[in-house]
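Which chain is which? The protein sequence lines are A and B, in order.
Take the first sequence: its position 202, counting from 1, is numbered 202 in my numbering, and each next residue is one higher.
Take the second sequence: its position 165, counting from 1, is numbered 165 in my numbering, and each next residue is one higher.
Among the hints, a few may not be true.
As the list claims (entries may be wrong) - In silico DSS-like links for lysine-lysine, alpha-carbon gap of 30 Å or less:
| no. | chain 1 | residue 1 | chain 2 | residue 2 |
| --- | --- | --- | --- | --- |
| 1 | A | K136 | A | K163 |
| 2 | A | K250 | B | K276 |
| 3 | A | K173 | B | K276 |
| 4 | A | K173 | A | K294 |
| 5 | A | K217 | A | K163 |
| 6 | B | K125 | B | K276 |
| 7 | A | K163 | A | K294 |
| 8 | A | K217 | B | K276 |
| 9 | A | K217 | A | K250 |
| 10 | A | K294 | A | K136 |
| 11 | B | K178 | B | K125 |
| 12 | B | K371 | A | K217 |
What the hints assert, rightly or not - Incomplete in silico selection of chain B near chain A, CB under 10 Å:
| no. | residue |
| --- | --- |
| 13 | Q108 |
| 14 | Y138 |
| 15 | G224 |
| 16 | K247 |
In short, the hints are calculated from the structure, not lab data.
Virtual Cβ for every residue (Gly too), placed ideally from N, Cα, C.
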Amino acid sequence: MEPAERDAVAVDAAHDRQALEAGLEKSRRGFGARLHGLLAGGTTDEETWEAVEEALIRADVGAQLALELVDRARQRFAPGGPEAAIRAELSGLFAPREAVGWPRKPSPEVPAVVLVIGVNGTGKTTTIAKLAHRFKARGARVLLAAADTFRAAAIEQLGIWAKRVDVPLVVHKAGADPAAVVYDALDAAVARRSDVVIVDTAGRLHTKANLMEELAKIQRTVERRLPAAQPESLFVLDATTGQNGLAQAKAFHAAAPLTGIALTKLDSTAKGGIIFAIERTLGVPVRFVGVGEKLEDLVEFDPDAFVAALLG
Amino acid sequence: MFDALSDRLRETLGRLIGRGRVSEADVDAAMREVRLALLEADVNFRVVKDFVARVRERAVGAEILDSLNAGQQVIKIVHEELTALLSAGDRTFRLTGSPAVVAVVGLQGSGKTTSVAKLARHVVKQGRQPLLVAADPYRPAAVEQLAQLGRSLELPVHSAPQGTPVVEIARGGVAQAKRTGRDVVFLDTAGRLTIDETLMAEIRGLAEAVRPVETLLVVDAMVGQESVAVAEAFRDAVPLTGLVLTKIDGDARGGAALSISAVTGLPVKFLGTGEKLDGLEPFHPDRLAGRILGMGDMLSLIERAQETVDAKQAEELARKLQKNAFTLEDFLQQMEQMQRMGPIGQLLEMVPGLGGMAKEAQAAVDRGELKRTEAIIRSMTRQERREPGILNASRRRRIARGSGTSLPEVNRLIKQFGEMQKLMKQLGGSGARKAAMNLLARR
Chain A
1 MEPAERDAVA VDAAHDRQAL EAGLEKSRRG FGARLHGLLA GGTTDEETWE
51 AVEEALIRAD VGAQLALELV DRARQRFAPG GPEAAIRAEL SGLFAPREAV
101 GWPRKPSPEV PAVVLVIGVN GTGKTTTIAK LAHRFKARGA RVLLAAADTF
151 RAAAIEQLGI WAKRVDVPLV VHKAGADPAA VVYDALDAAV ARRSDVVIVD
201 TAGRLHTKAN LMEELAKIQR TVERRLPAAQ PESLFVLDAT TGQNGLAQAK
251 AFHAAAPLTG IALTKLDSTA KGGIIFAIER TLGVPVRFVG VGEKLEDLVE
301 FDPDAFVAAL LG
Chain B
1 MFDALSDRLR ETLGRLIGRG RVSEADVDAA MREVRLALLE ADVNFRVVKD
51 FVARVRERAV GAEILDSLNA GQQVIKIVHE ELTALLSAGD RTFRLTGSPA
101 VVAVVGLQGS GKTTSVAKLA RHVVKQGRQP LLVAADPYRP AAVEQLAQLG
151 RSLELPVHSA PQGTPVVEIA RGGVAQAKRT GRDVVFLDTA GRLTIDETLM
201 AEIRGLAEAV RPVETLLVVD AMVGQESVAV AEAFRDAVPL TGLVLTKIDG
251 DARGGAALSI SAVTGLPVKF LGTGEKLDGL EPFHPDRLAG RILGMGDMLS
301 LIERAQETVD AKQAEELARK LQKNAFTLED FLQQMEQMQR MGPIGQLLEM
351 VPGLGGMAKE AQAAVDRGEL KRTEAIIRSM TRQERREPGI LNASRRRRIA
401 RGSGTSLPEV NRLIKQFGEM QKLMKQLGGS GARKAAMNLL ARR
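Full structure from sequences and hints, please.
Structure, rendered in structure tokens:
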């Protein structure tokens, strides 16, 4: 490229950037309002459907799924107009919600076991603290297992939370075999007559086969030590995650079949739309939503409220 | 998922037949696929819209160069435009000032503390003497985490008692660096749970107090449409100088980097790969452009090879990969080198078209299968390694016995090798690949 040409490109790029930025700002302010206006109007013109598709894509639902949903909603033409149609389509993607309690506790002698798993940095340890706080507030005796023996200071981090929530914690040294930590924690839980054991595991990218195998090993350890237990495997997903969330969930599901999802860091901007693809593909329900940094900031997932917020 | 998309993109483009100039219909068909591919790679919605419009304008009526078909011409334009967007800003990592202050900021869980340790190791290799400063007094054990990483790097870490204001911690760190003759200060700041005004104000105060020469925003490669809003919020609070894109060793395509660079003009300065402290790589726009489009990353492979093997051998490898003159003997040699180079999965992912194989290969390493493969090849004669075609049943039985493996294992290896060669032939023969390689080679 000639120097003059390159300068021209640079100027163009700066201009485009400014224009794009202005557009983004405008769309952020105006988009929710415009979509609501269009949907409430009950008209079903091209503009409305394009706006719906845009809302879904911007919420990380995924472009292909968004196209599919809009196509089906258009054909559905529900009596409530386009808004009802798209809501129905979205709700139809959720996995069935069974009425049984969670986590499962098969008998008074056998503790419920929750393995908390996910990629690095999604908020596993904080979620564990919130879960412990929640179960404890409901009168359960909770025990934590520090099976993230890999990351620097992970054990210390969980230790601080255990103290704050005031629940016992089983630890080994850094670098110890996580399965051995879990084994000891189950021993301790039986001895102490704990109701729930929550296991913190190291964050791992789902593409690392050996680390995924380690998770399977932890699950086998639970099955060996407490054959009567029905261990729950809670997948922690960061709400800012994009389309890669589905690949993550699939890989974790293959290693330690998931029985629930906790969606963390959800707020007014991160919408967590990838969970539709995950629930539809794997049939695993989102059970909890993390909405803030305080111990109380873990709430039960409400599908209807989630769909409403997504379009808002 | 993305592999399927990029395959579809290639297919759609392949159907377009050039007649001198790219027609509007050609472009529209291609643009639908490009739009989907970018969105599925988590490029921001508005950025995609803007990008597709610009490419469309450039592509319609473009002259089709010799040796390319219309589809290839379009993909060439797409790749150029992506690379241009990713080339935003100045990627130099400046360490001026005494000490040079580097602030590392980002959302919770994006990988700030690990990135600080990796950056510190990086500058140590350049002969600098960094000091790490634990400026995150909120997250439980964040200080302890940095202290442990500092110990493993044998670097000093400055921290302050709980309750010390962040600005004081930072000032204290800079003062300690001056006192003890450390020439780079890394500030590990508290993570933000999205856009929190109080914390943003704090980070602003910190930047004003110690005037970092570099303020790097750490971005998780897996982040979705939210990336732009996050980057803008940080940029509005502090003068950012660049990005560190982390967790790129997963299978996320990293569209967030493109979105942020396109909107803010901030350059990506480093890529974070893996949890080990040597997992930090310089950023190459054309390569991420290829990754976002699913075109692979031959050059990164070659560069990584150069760090561990000498340049001549690396060139030879690249030549053989392309010319399809790759024998079992080379395979054995490469296996030994690759084991020195690091995770084989990461390496294979960089080779176009071999993305799917990467996972399998890494799994094989993890299961210790490579050792068996090595034993099998070592039990072959030289001629057998060069011409696997001569491996009849009795030769195979002898190899199985000699290597202490089984006949099915020997058969499987030979079959896999054959498939690999076939794959490489396809890659070498495709015009799109050649075009991409020429493009890459020109930079």
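| Broken hints, numbered, in rising order? | Of the numbered hints given earlier, the structure breaks none, since each of them holds.
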